[in-house]
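From first to last, the protein sequence lines stand for chains A and B.
Residue numbering for the first sequence is 1 to 437, as defined by my numbering.
Residue numbering for the second sequence is 438 to 906, as defined by my numbering.
Hint data in this document are derived by calculation from the structure and do not stem from the laboratory.
Check the hints yourself; a few may be wrong.
To be verified - EDC-like mimics (lysine to aspartate or glutamate), calculated; alpha carbons at most 16 Å apart, straight line:
id, chain 1, residue 1, chain 2, residue 2
1, A, K61, B, E490
2, B, K444, B, D519
3, A, K363, A, E423
4, A, K422, B, E810
5, B, K903, A, D125
6, B, K456, A, E344
7, A, K89, B, D598
8, A, K363, B, D458
9, A, K24, B, D483
10, A, K318, B, E460
11, A, K89, B, E810
12, B, K447, A, D41
13, B, K871, B, E810
14, B, K550, A, D41
15, B, K808, B, D789
16, A, K418, B, D452
17, A, K318, B, E614
18, A, K422, B, E460
19, B, K632, B, E659
20, A, K61, B, E539
21, B, K439, A, E300
22, B, K444, B, E471
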Amino acid sequence: MSYIPSTPEQRQEMLRAVGAEDWKALYRDVPQEMLLERPLDLPEGMSELAMSRAMEAMAAKNRLFPTVLRGAGAYDHYIPAVVRSIPAKEEFLTAYTPYQAEMSQGVLQSIFEYQTMICELTGMDVSNASVYDGATAAAEAAAMCRDRRRRVTLISAAAHPDTINTVRTYCYGTGDELRVVPAKDGKTDIEALRAMLTPEIASFYVQQPNFYGQFEDAEALGALVHENGSMFVMGVNPIALGVMKTPRDCGADVAVGEGQSLGMPLGFGGPYLGFMATTAKHMRKLPGRIVGETVDSRGERAYVLSLQAREQHIRREKASSNICSNEALCALTAAVYLSVMGPEGLAEAARQSMAKAHYLCRKLCEHEGVSLVYTGEYFHEFVTTLPRRDEALKALEDAGILGGLPVEEGVLWCATEKASRKELDRAVDIVKEVLAG
Amino acid sequence: MKLIFEKSVKGRHSDLLPKCDVETVELPESLRRETAPALPELSEVDVSRHYTELNHRVHGVNCGFYPLGSCTMKYNPRIDEDMAALPGFAGVHPLAPAYAVEGCREVLDTAAKYLYELTGMQGMTFQPAAGAHGEFTGVLLIKQYHEKRGDTKRRRIIVPDSAHGTNPATAAMCGFEVVNIPSAPNGCVDLEALKAVLGEDTAGLMLTNPNTVGIFDENILEITRLVHEAGGLCYYDGANLNAVMGVVRPGDMGFDCIHMNLHKTFATPHGGGGPGACAVGCKDFLKEFLPASALMDEPGHIQVRAFAGNFLVVVRALSYLMSLGREGIPEAARNAVLNANYLMRRIQGSFDLAFDRVCMHEFVLDLSRFKKETGVSALDVAKSLIDYGMHPPTMYFPLIVHEALMLEPTETESKETLDWAADIFRALYELGYKDPAYMHEAPHAAQIGRPDEVRAARSPVLRWQKPEG
Numbered sequence: 001m002s003y004i005p006s007t008p009e010q011r012q013e014m015l016r017a018v019g020a021e022d023w024k025a026l027y028r029d030v031p032q033e034m035l036l037e038r039p040l041d042l043p044e045g046m047s048e049l050a051m052s053r054a055m056e057a058m059a060a061k062n063r064l065f066p067t068v069l070r071g072a073g074a075y076d077h078y079i080p081a082v083v084r085s086i087p088a089k090e091e092f093l094t095a096y097t098p099y100q101a102e103m104s105q106g107v108l109q110s111i112f113e114y115q116t117m118i119c120e121l122t123g124m125d126v127s128n129a130s131v132y133d134g135a136t137a138a139a140e141a142a143a144m145c146r147d148r149r150r151r152v153t154l155i156s157a158a159a160h161p162d163t164i165n166t167v168r169t170y171c172y173g174t175g176d177e178l179r180v181v182p183a184k185d186g187k188t189d190i191e192a193l194r195a196m197l198t199p200e201i202a203s204f205y206v207q208q209p210n211f212y213g214q215f216e217d218a219e220a221l222g223a224l225v226h227e228n229g230s231m232f233v234m235g236v237n238p239i240a241l242g243v244m245k246t247p248r249d250c251g252a253d254v255a256v257g258e259g260q261s262l263g264m265p266l267g268f269g270g271p272y273l274g275f276m277a278t279t280a281k282h283m284r285k286l287p288g289r290i291v292g293e294t295v296d297s298r299g300e301r302a303y304v305l306s307l308q309a310r311e312q313h314i315r316r317e318k319a320s321s322n323i324c325s326n327e328a329l330c331a332l333t334a335a336v337y338l339s340v341m342g343p344e345g346l347a348e349a350a351r352q353s354m355a356k357a358h359y360l361c362r363k364l365c366e367h368e369g370v371s372l373v374y375t376g377e378y379f380h381e382f383v384t385t386l387p388r389r390d391e392a393l394k395a396l397e398d399a400g401i402l403g404g405l406p407v408e409e410g411v412l413w414c415a416t417e418k419a420s421r422k423e424l425d426r427a428v429d430i431v432k433e434v435l436a437g
Numbered sequence: 438m439k440l441i442f443e444k445s446v447k448g449r450h451s452d453l454l455p456k457c458d459v460e461t462v463e464l465p466e467s468l469r470r471e472t473a474p475a476l477p478e479l480s481e482v483d484v485s486r487h488y489t490e491l492n493h494r495v496h497g498v499n500c501g502f503y504p505l506g507s508c509t510m511k512y513n514p515r516i517d518e519d520m521a522a523l524p525g526f527a528g529v530h531p532l533a534p535a536y537a538v539e540g541c542r543e544v545l546d547t548a549a550k551y552l553y554e555l556t557g558m559q560g561m562t563f564q565p566a567a568g569a570h571g572e573f574t575g576v577l578l579i580k581q582y583h584e585k586r587g588d589t590k591r592r593r594i595i596v597p598d599s600a601h602g603t604n605p606a607t608a609a610m611c612g613f614e615v616v617n618i619p620s621a622p623n624g625c626v627d628l629e630a631l632k633a634v635l636g637e638d639t640a641g642l643m644l645t646n647p648n649t650v651g652i653f654d655e656n657i658l659e660i661t662r663l664v665h666e667a668g669g670l671c672y673y674d675g676a677n678l679n680a681v682m683g684v685v686r687p688g689d690m691g692f693d694c695i696h697m698n699l700h701k702t703f704a705t706p707h708g709g710g711g712p713g714a715c716a717v718g719c720k721d722f723l724k725e726f727l728p729a730s731a732l733m734d735e736p737g738h739i740q741v742r743a744f745a746g747n748f749l750v751v752v753r754a755l756s757y758l759m760s761l762g763r764e765g766i767p768e769a770a771r772n773a774v775l776n777a778n779y780l781m782r783r784i785q786g787s788f789d790l791a792f793d794r795v796c797m798h799e800f801v802l803d804l805s806r807f808k809k810e811t812g813v814s815a816l817d818v819a820k821s822l823i824d825y826g827m828h829p830p831t832m833y834f835p836l837i838v839h840e841a842l843m844l845e846p847t848e849t850e851s852k853e854t855l856d857w858a859a860d861i862f863r864a865l866y867e868l869g870y871k872d873p874a875y876m877h878e879a880p881h882a883a884q885i886g887r888p889d890e891v892r893a894a895r896s897p898v899l900r901w902q903k904p905e906g
């Protein structure tokens with residue numbers, strides 16, 4: 001299979017038309033000693049059927065868990081059927097960046113609608129067309145907050161470890177410093193933050209709810225950050241935003257987050273969706289593609305890629321980011337998810353996730369030796385101690401349940417609206433048996 | 438057409454979730470949002486029809502010819518979508534225990550083996566999510582390498598002026614000073630200009646080969662030798678790998694690290710701008726600097742995003758690689774080059790070629806004479822193509838050619854399509870002399886007329902607002 005439509009006869013005809021004796025004549029600029037004269041050391045090409053069987057065999061080597069009680073940045077929420085079918089439409093799928101607005105209004109409008117939904121969720125004024133994932137969104141936010149005078153970025157130790165490491169890497173790139181604000185009792189240590197807010201601090205990033213599922217006192221943190229003249233960046237869970245106070249209401253200057261929960265499968269980590277929004281004041285510092293409304297030559301409403309003067313193809317080495325794409329199909333997926341869930345459906349997913357997590361926690365903690373490690377308010381994740389941890393998690397896995405993530409303090413559990421009471425009870429019973437054994 | 442918000446009817450919704458079967462928990466008031474987000478309130482059929490209507494206003498590779506230079510808009514096989522949707526891949530949690538993700542590891546390892554053979558590299562990461570993201574990763578390998586050797590004076594990255602804008606932007610994101618060097622008249626690296634800037638401060642060179650005008654740089658071995666001699670490393674921007682995959686290997690050209698856009702070369706769909714995926718390959722001596730995930734792998738590595746990358750895109754790319762295999766991969770490259778040369782020669786005699794010589798997978802038209810004679814610009818020609826259902830080529834790039842149109846037909850277009858496209862280009866060339874006014878106003882039969890981009894930038898409207906009252 002090589003998906004080449006022209007027949008061998010046509011290829012010969014085309015070679016003659018361009019005055020080439022054979023295909024090698026087309027590669028005459030290549031130093032001839034560099035041409036691979038041997039066959040590639042690869043398997044022969046496969047038919048569609050043979051290839052799909054080989055891929056299915058690989059997929060079968062993975063172990064799937066019908067019940068997932070693990071989150072830590074990748075969440076098993078229910079994905080409505082229509083959220084899978086719409087982004088699979090071939091035009092959405094096979095188009096590229098909408099450079100030519102006259103034949104891309106569908107993509108452009110879908111992004112404009114997505115931007116509006118992200119603004120609604122976060123309370124911010126302006127959203128971009130998305131970036132690679134939540135971790136890169138945090139790193140891009142740190143970059144947009146720096147200026148000549150303020151170069152140092154602060155991040156809470158209670159943020160996702162991959163986010164911290166990604167922000168650290170982006171800072172390493174530009175040669176800027178990242179300082180990690182310690183956590184205390186599973187939350188950002190506000191006194192430590194106060195001490196670390198010095199004149200060179202450009203921004204502080206906090207995750208809400210944080211890596212341990214705990215709600216941070218975001219407003220208080222934001223107020224401190226602003227007192228120092230620094231920017232306040234919040235990384236937020238988009239499902240929680242169905243019920244949770246918006247980053248805008250917490251004083252955030254930039255709101256970012258991982259959008260995977262909005263209809264994307266776990267997919268071993270990607271593709272996911274980084275969303276990113278800010279206030280009108282900082283609009284022109286926002287990196288990435290942005291779609292804007294305008295009118296066409298007939299005076300009709302139309303959509304275009306806008307504010308491109310910020311971007312790398314214009315500014316080259318002076319651009320603050322090299323990003324030149326977005327996760328358009330993931331943004332579309334999120335928009336379809338939010339449309340079909342609606343404000344009430346989203347709030348219900350949030351309420352149920354929270355209720356199931358609290359139920360699971362209560363039931364687990366009925367057993368001796370299992371207790372909540374961090375006792376603050378939490379959303380759909382929490383950390384417990386767990387005696388015979390590895391054994392208990394293995395017993396759960398054997399029963400088709402992916403238990404919580406082993407972390408230093410114990411186990412980081414997660415529940416979403418997908419887990420039924422019956423499944424949760426079963427998980428708790430299995431843990432109980434192991435503890436009793 | 439209406440926005441989805443304008444179709445919203447208060448109180449309308451779909452019941453997708455079961456009733457909650459455990460006790461509800463109230464969020465403390467201090468954490469509660471004050472007003473619900475103004476998301477659309479619709480039934481499932483409303484949503485389905487809205488997006489179907491939007492989908493009709495999109496031109497995909499499945500709709501027709503898409504010769505967008507530098508973007509490799511080849512056909513995206515449907516079976517690859519089915520593979521990515523297999524529950525055995527789509528349902529895997531990235532933090533599941535090692536024994537439960539052996540299949541995913543096998544996908545990544547197998548894909549890496551294919552790419553080692555195609556590139557001549559020995560290390561690989563799939564963590565970057567896009568080409569520019571891969572550049573960032575690759576240049577960070579160079580940075581770490583020099584730092585580890587204590588060679589801290591190497592502060593400059595050399596980039597030809599024909600490069601994609603991401604190259605200089607990437608070098609800047611990695612803390613390097615960018616040295617732009619002019620191209621030779623044939624669009625290739627000017628060896629004298631390169632020699633003039635090489636020195637003890639050279640960290641590396643970023644190069645696309647074939648380059649952005651679609652020409653394979655015949656001095657490539659000399660170029661990489663010179664950079665190495667000066668103590669720098671050579672970075673291969675794999676944007677144009679489709680021309681040479683399985684025919685000649687970047688590793689053999691002397692490159693130390695490389696990024697590949699899986700969404701171009703290996704036929705994964707572009708998705709309206711993403712998600713793409715990127716593999717960054719490197720020679721043995723750079724392997725220790727490859728990124729990892731703080732949570733999935735051991736600490737102490739750079740990391741460019743969460744987890745292991747756009748895994749489901751890698752599944753698609755591997756499906757494609759396995760389908761093509763040993764013979765199919767170089768065959769695809771050769772036919773990409775044949776198609777480009779054929780289309781170029783079929784258009785020749787109307788619009789001027791920027792470089793009248795054999796091309797690789799793409800070529801550039803120079804419309805400056807045509808514009809001078811007719812007043813019709815590259816933009817006008819591009820917009821006129823839309824009326825024929827053809828996606829326009831890349832416009833005004835590379836920057837070293839004025840009034841540039843860059844065409845990349847790819848191997849998945851038939852001779853009939855190329856003949857059809859060439860005839861349209863020739864007809865538009867004629868039309869430019871007869872009726873330039875008509876072309877200034879093109880497109881005439883598209884979804885919209887030309888949009889007012891100045892207005893969009895001057896008075897930005899970046900979201901829908903509920904009308905007052």
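Hint-by-hint comparison with the structure:
1. K61/A / E490/B: violated, 40 Å
2. K444/B / D519/B: At roughly 33 Å apart (the allowed maximum being 16 Å), D519/B and K444/B break the hint.
3. K363/A / E423/A: holds, 12 Å
4. K422/A / E810/B: violated, 77 Å
5. K903/B / D125/A: holds, 13 Å
6. K456/B / E344/A: Cα-Cα ~13 Å, so holds.
7. K89/A / D598/B: Violated. K89/A to D598/B sits at ~39 Å, over the 16 Å cutoff.
8. K363/A / D458/B: Roughly 14 Å between the alpha carbons, so the hint for K363/A and D458/B holds.
9. K24/A / D483/B: violated, 55 Å
10. K318/A / E460/B: Not satisfied, since the Cα-Cα distance of roughly 55 Å exceeds 16 Å.
11. K89/A / E810/B: Not OK: K89/A and E810/B at ~43 Å, beyond 16 Å, violated.
12. K447/B / D41/A: Outside the cut-off at roughly 62 Å; violated.
13. K871/B / E810/B: OK: K871/B and E810/B at ~11 Å, within 16 Å.
14. K550/B / D41/A: holds, 10 Å
15. K808/B / D789/B: The given pair, whose Cα atoms are some 11 Å apart, holds under the 16 Å limit.
16. K418/A / D452/B: holds, 14 Å
17. K318/A / E614/B: holds, 11 Å
18. K422/A / E460/B: holds, 14 Å
19. K632/B / E659/B: holds, 11 Å
20. K61/A / E539/B: holds, 6 Å
21. K439/B / E300/A: holds, 12 Å
22. K444/B / E471/B: Distance ~24 Å between K444/B and E471/B Cα, so the pair is violated.
This entry does not satisfy hints 1, 2, 4, 7, 9, 10, 11, 12, 22, going by the numbered hints stated previously.
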